[in-house]
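If you want the building blocks of each chain, they are given just below.
Number of protein chains: 4
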Amino acid sequence: MIKVGIVGGTGYTGVELLRLLTNHPKAQVSVITSRAESGRAVPELFPNLRGHYDNLYFSAPDNNALLACDVIFFATPHGVAQASAGELLEGGAKIIDLSADFRIRDVALWEKWYNQEHGAKKWVSEAVYGLPEYNREAIKNARLIACPGCYPTAILLGFKPLIEQKLVDTQHLIASAASGASGAGRGAKVAMLHTELCESFKAYGVDGHRHLPEIEQLLTDFSGSKDAMTLTFVPHLIPMSRGIHATLFATLKDKSTNLQQVFEQAYENEPFVDVLPAGSTAETRTVKGTNLCRIAVHQPQGRDTAVITVVEDNLTKGSSGQAIQNMNIMFGLDESCGLHFASLLP
Amino acid sequence: MIKVGIVGGTGYTGVELLRLLTNHPKAQVSVITSRAESGRAVPELFPNLRGHYDNLYFSAPDNNALLACDVIFFATPHGVAQASAGELLEGGAKIIDLSADFRIRDVALWEKWYNQEHGAKKWVSEAVYGLPEYNREAIKNARLIACPGCYPTAILLGFKPLIEQKLVDTQHLIASAASGASGAGRGAKVAMLHTELCESFKAYGVDGHRHLPEIEQLLTDFSGSKDAMTLTFVPHLIPMSRGIHATLFATLKDKSTNLQQVFEQAYENEPFVDVLPAGSTAETRTVKGTNLCRIAVHQPQGRDTAVITVVEDNLTKGSSGQAIQNMNIMFGLDESCGLHFASLLP
Amino acid sequence: MIKVGIVGGTGYTGVELLRLLTNHPKAQVSVITSRAESGRAVPELFPNLRGHYDNLYFSAPDNNALLACDVIFFATPHGVAQASAGELLEGGAKIIDLSADFRIRDVALWEKWYNQEHGAKKWVSEAVYGLPEYNREAIKNARLIACPGCYPTAILLGFKPLIEQKLVDTQHLIASAASGASGAGRGAKVAMLHTELCESFKAYGVDGHRHLPEIEQLLTDFSGSKDAMTLTFVPHLIPMSRGIHATLFATLKDKSTNLQQVFEQAYENEPFVDVLPAGSTAETRTVKGTNLCRIAVHQPQGRDTAVITVVEDNLTKGSSGQAIQNMNIMFGLDESCGLHFASLLP
Amino acid sequence: MIKVGIVGGTGYTGVELLRLLTNHPKAQVSVITSRAESGRAVPELFPNLRGHYDNLYFSAPDNNALLACDVIFFATPHGVAQASAGELLEGGAKIIDLSADFRIRDVALWEKWYNQEHGAKKWVSEAVYGLPEYNREAIKNARLIACPGCYPTAILLGFKPLIEQKLVDTQHLIASAASGASGAGRGAKVAMLHTELCESFKAYGVDGHRHLPEIEQLLTDFSGSKDAMTLTFVPHLIPMSRGIHATLFATLKDKSTNLQQVFEQAYENEPFVDVLPAGSTAETRTVKGTNLCRIAVHQPQGRDTAVITVVEDNLTKGSSGQAIQNMNIMFGLDESCGLHFASLLP
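Those sequence lines, one after another, are chains A, B, C and D. Residue numbers in the first sequence follow my numbering, run continuously in steps of one, and reach 346 at the last position. Residue numbers in the second sequence follow my numbering, run continuously in steps of one, and reach 346 at the last position. Residue numbers in the third sequence follow my numbering, run continuously in steps of one, and reach 346 at the last position. Residue numbers in the fourth sequence follow my numbering, run continuously in steps of one, and reach 346 at the last position.
Treat the hints as calculated values from the structure; they're not laboratory data. Here the structure is a predicted model, which means the values were calculated and not measured. Beta carbons are placed, not taken as given, at the ideal position from N, Cα and C, and that holds for glycine. One or more hints might be untrue.
In silico DSS-like cross-links for lysine-lysine, where the CA-CA straight-line distance does not exceed 30 Å [unchecked claim]:
{"id": "1", "chain 1": "B", "residue 1": "Lys112", "chain 2": "A", "residue 2": "Lys255"}
{"id": "2", "chain 1": "D", "residue 1": "Lys255", "chain 2": "C", "residue 2": "Lys255"}
{"id": "3", "chain 1": "D", "residue 1": "Lys253", "chain 2": "C", "residue 2": "Lys226"}
{"id": "4", "chain 1": "D", "residue 1": "Lys166", "chain 2": "C", "residue 2": "Lys253"}
{"id": "5", "chain 1": "C", "residue 1": "Lys255", "chain 2": "D", "residue 2": "Lys122"}
{"id": "6", "chain 1": "A", "residue 1": "Lys226", "chain 2": "A", "residue 2": "Lys122"}
{"id": "7", "chain 1": "B", "residue 1": "Lys121", "chain 2": "B", "residue 2": "Lys3"}
Here are some of the chain C residues that sit facing chain B, going by a computed Cβ distance under 8 Å [stated by the list, open to error]:
{"id": "8", "residue": "Val15"}
{"id": "9", "residue": "Asn48"}
{"id": "10", "residue": "Leu49"}
{"id": "11", "residue": "Arg50"}
{"id": "12", "residue": "Asp54"}
{"id": "13", "residue": "Leu56"}
{"id": "14", "residue": "Ser182"}
{"id": "15", "residue": "Gly187"}
{"id": "16", "residue": "Glu270"}
{"id": "17", "residue": "Asp274"}
{"id": "18", "residue": "Gly289"}
{"id": "19", "residue": "Leu345"}
{"id": "20", "residue": "Pro346"}
For reference, chain A alone in the conformation it holds in the complex (with noise of 0.2 Å):
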């Protein structure tokens, strides 16, 4: 078994991570470090988890016991992995982190987005972004995992063959995404309250949401050109608790270029992303609770743009999903070993 530790798993992506490796057959909890509820129980705190992690208690975070553990997920605010990630790679762990400490490789971008010092430099280069469709081959022997943010999952998986095949014109590319209000994570803020967010819609971050610069980083990585892309991204609050949806725009190149076929055959091999049938939409609904992206390809009318509309559950293959299919294949597992679950209905 695979002895797990987790960083502050009193979060959203926290307690979801302890829910998915429940089923995991090849993984195991020994670990789990908060300061705040250093002594507690896990079930005291997420009553879904009783009778599945009774005897775990959250404890103070120490780093010898983290080194005893095969992995580390910190499941933490920006700046925490950061601090202590340099002495854990040094002492041999395994680091995958949901945060957004190393998703960035121009260190000066990342401190002018997140507006601190960024707290290990030197490990920045170190660091492998854990898209698996994009970079399965140096997550097998990567040390320290940059776990994709949740709107970046969804836009990338839904740009990349349009990007890598330039089929499309890379100026204006669009993105109008929406996001549950677990993507605000399980502080208290009144704009966060149930009376504040039910019944309403909103756009937010649109003068610049901290996840564009990780987006366009990888867009430009995927043309394989050194010009920059740039992308207008919109996100925006569904009064519901999980999902994203992303609504790609761009402007085709050719206008008789078969959308579909380019995608199913992209994403062929890929245990998590489907491709729906031509004509279908796709419903955050479907893929609640699983690490399943589903796509669907639009020409609307015929004419020059493509429409590409994604879902994903922005806690599971949006973070801790995702970190776990990480797990299994720098571990050699199976990708999808614990992984292979459908969503409630309704």
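We have chain A; now place chains B, C and D onto it with these hints.
Below, chains B, C and D alone, put in the same frame as chain A:
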């Protein structure tokens, strides 16, 4: 008092007309027709109206009764107004049609999108598109108003200053919009069950939504050119009841245009268009149940893509409220008569 | 015009007072205080009020400014009104307190449930419990109104005819009630996040909710007896924003009592209590945003248990609307002045 | 592998059976019938099952095909199982009926509540009420299981220890229960539209719900007495998809009974009944998608009224999960085989 007749008052636009008219000091409902509910008191069907219409009964459709009214609203599915508008207009009626029957000037185009023969071709040219912010003068003397659809109202008000002032490239206009479920009406459909919609988000009609030709017709009108404008329009379904949010994308000809000022000046005298201060977010809940359209203006990272977000209540400014606004104009009343109130929060 | 002062206008009862007063022809807000938001315009905090209070600013608390008002509403957490009511009353103010500070006549009981010393003991006997359907005459001449809590209003109006007419066994009264999330206020708490509430239902405070002693005090008053009445009160949390639903159970002394008639007669002259026709269902949505309390009367299978269901909007009839109803009575206005409007549907 | 046949797999209990069986190591669906959807692949109707049942097709009902299965689930409206159960049982089938057809032993009572003639009277006495916590031994050898309704499961498990141990007055038992909308099924009804349900709460069926006689029959069984027990049962509709919450009230004969201990001991060996620690709250979300029933025990203010709150997922422990639990017992498997997993949070 203006005597109001409502044809087909059992759907959501019908009950919204009834609700709004409880507040109107100069108009009163005297006839409301419904074949299916004939003989029932209005509050039996709509208990929110108990105490307001206790003596108003649904009656079978009857043109004589309608002709005794000062104005007739059609709150019916498409096709119904076409069938009786001619006789009523010849009888001297003023008609405000909330359906799609008279919105498209090109009859062949209407027939293509609605997949049936148009039932009142000779009256199409008589119809005035009831968007007061564009057509106020024509509305004053109209006898047949084609009240705009819910998506078109939001999208048109958001693009209008940009198009009229020729500030954007008109080749690749994009509208990513989303609506609450009430836009689908009160018909019993599996896809609109609470269990099917709640906690999910999806696009629909990506390959062609009936509001598209109506929007493109008006965008072309705004441009003052004969070249048909093209729009990529993707509607989505939000798990909530009321509200439309449109996110509009257009490429600016000149990145240095002061967009905020353009919008503030364009709408400074409009009673129902509220341009939010720079840096604000447009939320659907702030217009729920009101006749307001609120607009936020963005230019992310100062790049050349304008992002305009627009919110309205699909049943109010997007339908019944706008219909009453048209009535006010037609009868020489203050345009906001009976329509000035604040939305609930929370 | 009645000059209105509002203390603590940044919570949900405050913004509801503001919203309702936009409709009131005889009252106008002249002062609104908030230590935290002092200096900000009201619509900055509550964008639904743009266009209504553009020139009203939050100010720091100041008794002189408040004493220049004709009536002062306290829309504050418990404890605040106690701290300044004395000085204001001595200065001649009329106070309507929406908090729990003056609802319980037995000071020791108040201190036990609220776990703090009462800050204005000498004024408790001065307070009139502001339930117009019970205390209308006393309200007319009151200078300190203790406005009822949201659960008490619904539960008391549902039990009142049964208790006053001695129709039920008073040993085992049961109230199973449920509230939307706005009842918990606008404070940032993890438990009230959208993610924590949506798609779930639970009881809370089963072992003791602070509204219990207030309800039992009034039930005993209704009985006209000195024997304290006991109630089992279980509140629940509904995944929605506004609305209270109370399901009341009582054992009938006589199974053949015509309960429907009892309720219709008891409330026939009440402007804000609507006894639904026999066989109807009380739905919270039919009273949302209104000052109405709707009641449905049931006697399942003709057995000896009466089941009364009651709905109200917790922020309107359950708080701010009722406060304005009290104001109308105190100032000799029509009791429903500014409070007569229909709820949205859907 | 147990070969499973499902009759009527297009409703919510059908798709829930399919979902749960994707996890089951010892059973596999070989036949699924639907007259309306015959010939379609299962994932066409239920896209959440893409990748799980890609080669399973709905077929027209055919008793021979069903008789080739080891067990047949009826996931149909009442009346359907009655029509074909006889022939199948004579053919040697094992049937688990999720509908109401065989739940009530008194045929006349069934006919009164369901308002039609019973179609398989001679088989009623053969049926075993499939509540494992009560009937485990009888289930082992049954060939016709009447799987309990969703409300009955929650209410019966909550009252069972109190009744069996004769701790409460049985004259005025009260159940105030509430269900998510999925309890109403997948049929298209105006009343179940998202627009009609969201942001509202109501009681329904107060004057008589079909689950009442089924509950009273079992309560009487629990009592070991011949005197029929009476219950006041009020169901409510929650604006969410899945979950039942039952709040039960009973008068204690002895206020000093240790209720917490009674419940813990009664259920200490039950795999799917979780008695929460004293002071806990039962939330429906903690059991969503699981086969668990969670119970919280209260005695407010130490008075003589016991308040028991019970949560379950109406489609899982309240229907399809319980059906599989019955199957496990009938086939000698571990009772929780394929049914042990944690719910999503959030």
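Practice problem: Kindly indicate which numbered hints from before are broken by the structure, ordering the numbers from low to high. | Solution: 5, 12, 13, 15 and 16
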